[in-house]
Structures are given as structure tokens and as C-alpha cells.
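Let the sequences and hints guide you as you build the complete structure.
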Amino acid sequence: MAATKTARPDGDMSWKEVGELGLRYGRIPLALIVVELFYWFLTMPSDTLAPIQVTEAWIWNELTNLIYGEGTAVISHHNGWLTRIDLLHVDFPGPYDSVGLYVSDECAGVHEMIFLSTLVMMTDGVPQREKLKAVGVMCGIVYVLNILRLVVFYPIAVNSCLETPNVQACLTPMWQFHETVYTWGFLVVLVSMWLVWFLRFGGPARTLEATKVDPSPWRFSKRRMWETKHKALLGAALLLFVLAMTNISTNQEAIDARDTLAFCEFSSQLSSECGEAQQRWDDAIGYAWSLSALGLVVGVGTTVTVERPLEDGTWPSKPQPSESEDDHMKADSKPKGHHQKKSGSWKRRSEEE
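In this text, residue positions in the sequence shown follow our numbering: the first is 1, and each later residue adds one.
Since the hints were derived computationally from the structure, they do not count as laboratory data. Predicted model only: the values in this text are computed from it and were never measured. Heads up, the beta-carbon is just placed ideally off N, CA and C, and yes, glycines get one too. Hints are supplied without guarantee of correctness; some may be wrong.
Quick list of simulated restraints, FRET-style, between CB atoms [claimed, not checked]:
1) Y96 / T246: 37 to 47 Å
2) M122 / P165: 49 to 59 Å
3) T180 / E253: 30 to 40 Å
4) H230 / L66: 42 to 52 Å
5) L66 / S272: 34 to 44 Å
6) V242 / K222: 23 to 33 Å
7) F38 / E62: 25 to 35 Å
8) Q128 / V167: 54 to 64 Å
9) Q168 / A232: 49 to 59 Å
Calculated pairs, SDA-like style, for lysine to any residue (alpha carbon to alpha carbon, straight line, at most 20 Å) [claimed, not checked]:
10) K222 / G301
11) K229 / V298
12) K131 / M113
Below, the structure is given as C-alpha cells:
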């Protein structure tokens, strides 16, 4: 009896197609993991994003004084940067009737911007120009929402402390609000923003259509053409690695902090000086990791390129020399002398002449 081959129903995908589709969309969580690792290395030292932190602290202070009255907030230094905000009210606990807060690198909103930008840029079926516009608009919205989150700290704390004044527990609702937004509140907002934008541009139907038309929209490849700017970028990446090493090995402040920590550990001493030394040493190591992460990104970004298929569907290959260049190379390979070397003795040549 001959074996009969069952036909696959229309619209049903083979296991190979399922695997290719899984690899296509698996790059999105992979990209998010890579971005998270890069951000973690980048922000290991304290105040890595200091310019953004200072800007947001200044806006926070100005808006608080503008909305709730002059003297409700005071800006001051924290770790050498103007990122500390003291909220003032007569019912706040403590001898100074104030609540001390500061804008850390996690409070700057950059983490959320990077996460959202990665989601947008990895979405298929949307023109590149529209992606860039969406990233700019969404990052602006995230920045504004982050400022509003900081501004509402004051009324939450005041409303709670009016009921139980001068009690430390009256600040609990403010901390709970901060923890809720930090843990999952912003994540819900970010995913919702991306989902609305995704559905606006056709949603899954457009992505599926792009998958059928272009099953492999891009691939990574080693750079073939090297220009001066690419070599300069590699030099910059190498310089970042060197700076990372010297930040630990030759930085006098880091060396002093390491020696102080060694003495504190040897003598089992616990003091403010030991704590400051630990902070300086951790920052030195963090800066080294940050510089190394930047150097790695610059180096890999320069060495590896993203290729897209040509109009005929084939992948670009190594450029071949043109006919004129080929003829020029052949001409260069010929002997450069104008005359061929004569053979025989001078006497025989003179007789022939």
C-alpha cells in the first residue's frame, strides 16, 4: 500500500516557520535584556546622570514653590550636586519640619525612556521615520510624567501629616505612592503608551503582513568598509577601556579609599570615615564599569553593522572591484621597467647588430 502524504491546511505554519517567527520576535526581549544590562553598568556609580538629575531637581523645586507657595521647597547639594529637595511644612516630623529627598539616577526617568524606545524601535511594520518621531514624543511624555510624580509628593505628605502631625508615620502614604509608581506604575503606563501607538499603526495585522513580505528584515554582519571615522571610534573605545583601568589603578582618591577600607577591615573599625571610603571606592569601581560598558558599546557598534536585503531580496555581499579598477590592478601587477632585460653576452649582441 502506497503511503499518502497529508496536505497541510491553508494558513497553517510549519515548524520551521514557527521557529523563524519565534526567533524574529524573540529578539525583542533579548534587546530589552541587553539594554537593561547596559543601563545597570552605566548607572553603577552614584549620580551618573547628574545633568539630568540637576535639571529635574531644579524644575521640581520651582514648580513646588510656584504651586504650593513660596518656601515650601528648598534645593541644596547632595554628593556635590544640586539634587536634594527639602519639603517644608509645620506639620512635618523632625526638628526642622522638613522632609529630605533627592533625585537619584533611577528617579531621572532615563530608565523608562530607554525601555520604551527599545520597544518602539524593535516593532516591525512601522516606517523608521515614524518610529523616531514616536520615540521623541513618548520620551517627552515620560519626562513630564516623571516631573508630575515628584511634584505630587508634597500634597500627599501634607494631607497625611495634617491628621497626625509631627509623627514619622505620617509620611508613609508618600513612600507607598513612590514605591507603587516605581515598582509597577510606570511599567503599566509605558506598555499602555506603546500598545496605543502599536494599534494606531495597524497592530498585529500590519506586523504579520510585514513578516510575510519580509521574513528577515535585517541581520548583523561584520563591517566590510572601514573609513577614518570608524577607526577613530575604535580608538575612542580603546581609550574608554584604558580610562576604566586607570580610574582604579592610578586615581589617587580611589587608592586612598582602598587603603582606608583595608585599615578599617584590619582593625574592625566602623566609622563615618570608613563609610565615606566605602562610598568612594564603590563609585570608582562603578565608573570603571560604566566606562567599560560605553567602550564595549562603541566597539561593537563600530565593528558590527546592520544589513538589510536589497530590492531583489538578496543580501549585500563584499563589494567587487569594477572593470576599470580590475584593469588598473592588472596593470600595476606588470613589471614597471620599460625594456626587457637582454640575454646573452655583449660580444654576440654586437655581432648580431
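How the hints compare with the structure:
no. : hint                    : result
1   : Y96 / T246: 37 to 47 Å  : 42 Å, holds
2   : M122 / P165: 49 to 59 Å : 51 Å, holds
3   : T180 / E253: 30 to 40 Å : 38 Å, holds
4   : H230 / L66: 42 to 52 Å  : 49 Å, holds
5   : L66 / S272: 34 to 44 Å  : 37 Å, holds
6   : V242 / K222: 23 to 33 Å : 24 Å, holds
7   : F38 / E62: 25 to 35 Å   : 32 Å, holds
8   : Q128 / V167: 54 to 64 Å : 55 Å, holds
9   : Q168 / A232: 49 to 59 Å : 56 Å, holds
10  : K222 / G301             : 10 Å, holds
11  : K229 / V298             : 12 Å, holds
12  : K131 / M113             : 14 Å, holds
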